[in-house]
Amino acid sequence: MKITFVADSTIGLAPEQAEAQGIYLVPQQVIVEGKAFRDYVEIHPQEVVAAQLGGKKVGTSQPLPQDYEVLYERLLGAFERIVSVHVSSRLSGTVSTARAVAERFGERVKVLDSLSINGGLHFVLEEARRRLAQGVSWEGLEAAVAPLLPKIRGYVLPATLTYLHRGGRIGGLQHFVGSLLKILPILEVYGGTVQPRERARGYHKGLQRMAELMHKDYPQGARVILAHSDNPQATQALAELIRQEGVVIEDVRECGAAVAAHTGPGTAAMFVAPRQSL
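Using my numbering, the first residue of the sequence shown is number 7, and each one after it goes up by one.
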């Protein structure tokens, strides 16, 4: 079968970058001061950063149903089947909307829940591609990919508590005390949700601890995708901290609005999968 792949823009790639890898994007919506823009189409990462630094309220919302429908129809004119992989259903309604639209196309569109975001989503998509190339049946694809999902982690370090506070994710006292003591949370994307994993005193210590956690969680080696929001220096530092035999850095990319809207400019993130998939 001639099969292609769709992801939502939380994967952190610009449309031209994604298409070069055989992936077509449906844009998330970025909400700036109540006005919606299609991610990477009507608003770009630097514009999101500028809005945040300007004190504007920035959020995100799932893609519009018609954007899925238009993309699926176009692709099915050239391909027999579509594998559509999306941000965790525990973080967004993206998967449920994609499945509702996919029903209109019968068995030609299969929607997978990555239980992750950004680089983690990308690992799931590439696992689906690999399994199909190995001869896994269309009906058995979801089951074939499932063992990888609980082995993927993301580690996210904001540069400041300001945006977590602004978004209502930490209270005023936490913001005050944390800022005073220069305490930053290391957030973990795992099992479909985002939870605090540890705290670090200062940004550089946070990067060091992220590297330590990755080595602890993946002692047999790892595949890594690094991401940042307007902070390439942080990913360069992380790359040096995690560099050792058995660690393969596959890509460095933008965090994307879905991450940066909540954690703010300066955020560094690392998405990790085992070096050898099962």
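Think of the hints as simulated: they come from the structure by calculation, not from any bench.
Incorrect hints may have been included.
Dumping the calculated SDA-like pairs for lysine to any residue here, alpha-carbon to alpha-carbon at most 20 Å [said to hold, decoys possible]: (1) K63 with A42; (2) K8 with E132; (3) K62 with R172; (4) K222 with V253; (5) K188 with T199; (6) K63 with H171.
Simulated restraints, written as ranges between beta carbons of each label pair [stated by the list, open to error]: (7) K188 with E53: 37 to 47 Å; (8) R281 with Q214: 17 to 27 Å; (9) Q27 with Q180: 22 to 32 Å; (10) P280 with Q72: 34 to 44 Å; (11) K211 with E113: 16 to 26 Å; (12) E218 with R281: 10 to 20 Å; (13) K188 with G60: 18 to 28 Å.
Since we're looking at a predicted model, the values are computed, not measured.
Where is the CB? At the ideal position from N, CA and C, for every residue including glycine.
Hints versus structure:
For a cut-off of 20 Å, the pair hint linking K63 to A42 stands: about 12 Å separates their Cα positions. Straight-line distance between C-alpha atoms of K8 and E132 comes to about 16 Å, which keeps the hinted pair within the 20 Å bound. Between the alpha carbons of K62 and R172 the distance comes to roughly 10 Å, so the proposed pair stays at or under 20 Å and holds. Distance restraint check for K222 and V253: the Cα-Cα separation of roughly 12 Å lies within the 20 Å cut-off, and the hinted pair is therefore satisfied.
Restraint check for K188 and T199: not satisfied, since their Cα atoms lie roughly 25 Å apart, outside the 20 Å limit. With a C-alpha separation of about 12 Å, the suggested pair K63 and H171 falls inside the 20 Å cut-off, and the hint holds. Between K188 and E53 the beta carbons are some 29 Å apart, a value that contradicts the proposed interval 37 to 47 Å. Take R281 and Q214: their Cβ atoms lie about 22 Å apart, and the range 17 to 27 Å holds.
Checked against the hint of 22 to 32 Å, the pair Q27 and Q180 fails, with Cβ atoms roughly 40 Å apart. In this structure the hint that P280 and Q72 lie 34 to 44 Å apart at CB holds, the actual value being about 38 Å. K211 and E113 have their C-beta atoms about 51 Å apart, which leaves the hinted 16 to 26 Å range violated. The supplied range of 10 to 20 Å is met by E218 and R281, whose beta-carbon atoms lie about 18 Å from each other.
Range check, K188 to G60: about 24 Å between beta-carbon atoms, so the 18 to 28 Å window is met.
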